[in-house]
Amino acid sequence: MATTRTATTRWEGSLFEGAGRVTLDSSGLGTYDVTWAARTETPGGKTSPEELIAAAHSSCFSMAFSNGLAKAGTPPTSLETSADVTFQPGEGITGIKITVRGVVPGMSKEDFVAAAEDAKANCPVSKALTGTTITLDAALADA
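In the working numbering, the protein residues as written are 71 to 213.
Mixed in with the good hints there might be a few duds.
When the alpha-carbon atoms are kept at most 30 Å apart in a straight line, the in silico DSS-like pairs for lysine-lysine are as follows [to be verified]:
id : residue 1 : residue 2
1  : K167      : K116
2  : K116      : K179
3  : K179      : K167
4  : K179      : K190
5  : K116      : K190
6  : K141      : K179
7  : K141      : K197
Hints were generated in silico from the structure; no laboratory data involved.
Quantities reported herein were computed from a predicted structural model and do not represent experimental measurements.
Using the sequences plus the hints, can you model the full thing?
In structure tokens:
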């Protein structure tokens, strides 16, 4: 069954002097301030579209990777995934770097990296962002 999730932004003012508030409508988890300065300078307690994309990508990748590992008979004990989304004013999003460290008993380093590459290529957020260069740094965590 298909699902739809909704977020709403109310923006007031110009791009450089204005500000907005993003509300996570579906979950009701909160409302977050956004500004151009938070996007291009120091966040200062505000978020940005790129941070929201990073959150979506790191969580989607983790879900896809965990599922792939479990289906292969090697469920992870833990995965820690970060996504760094780079924004260049005038160009837009220029790249995303996914970094994952995992504890997966009985799995070789090579198999872990191969499974991570598969998750990177096939998680729904990666597929939605196919116009962006996505790189991966995957390794088993030190036990």
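Status of each hint after checking the structure:
1. Between K167 and K116, the direct Cα distance comes to roughly 22 Å. Compliance with the 30 Å bound is thereby established for this hinted pair.
2. A C-alpha spacing of about 38 Å is found between K116 and K179, which places the hinted pair above 30 Å, so the restraint is violated.
3. The straight-line distance between the Cα atoms of K179 and K167 is roughly 19 Å, inside the 30 Å bound, and the hint therefore holds.
4. A threshold of 30 Å between alpha carbons decides the hint, and for K179 with K190 the separation of about 16 Å falls inside it, so the pair holds.
5. Restraint check for K116 and K190: the C-alpha separation of about 28 Å stays at or below 30 Å, so the hint holds.
6. Annotation: proposed proximity of K141 to K179 holds, straight-line Cα distance about 18 Å (limit 30 Å).
7. A distance of roughly 20 Å separates the Cα atoms of K141 and K197; the hinted pair therefore holds under the 30 Å criterion.
Hint 2 from the earlier list is the only one contradicted by this structure; the remaining hints agree with it.
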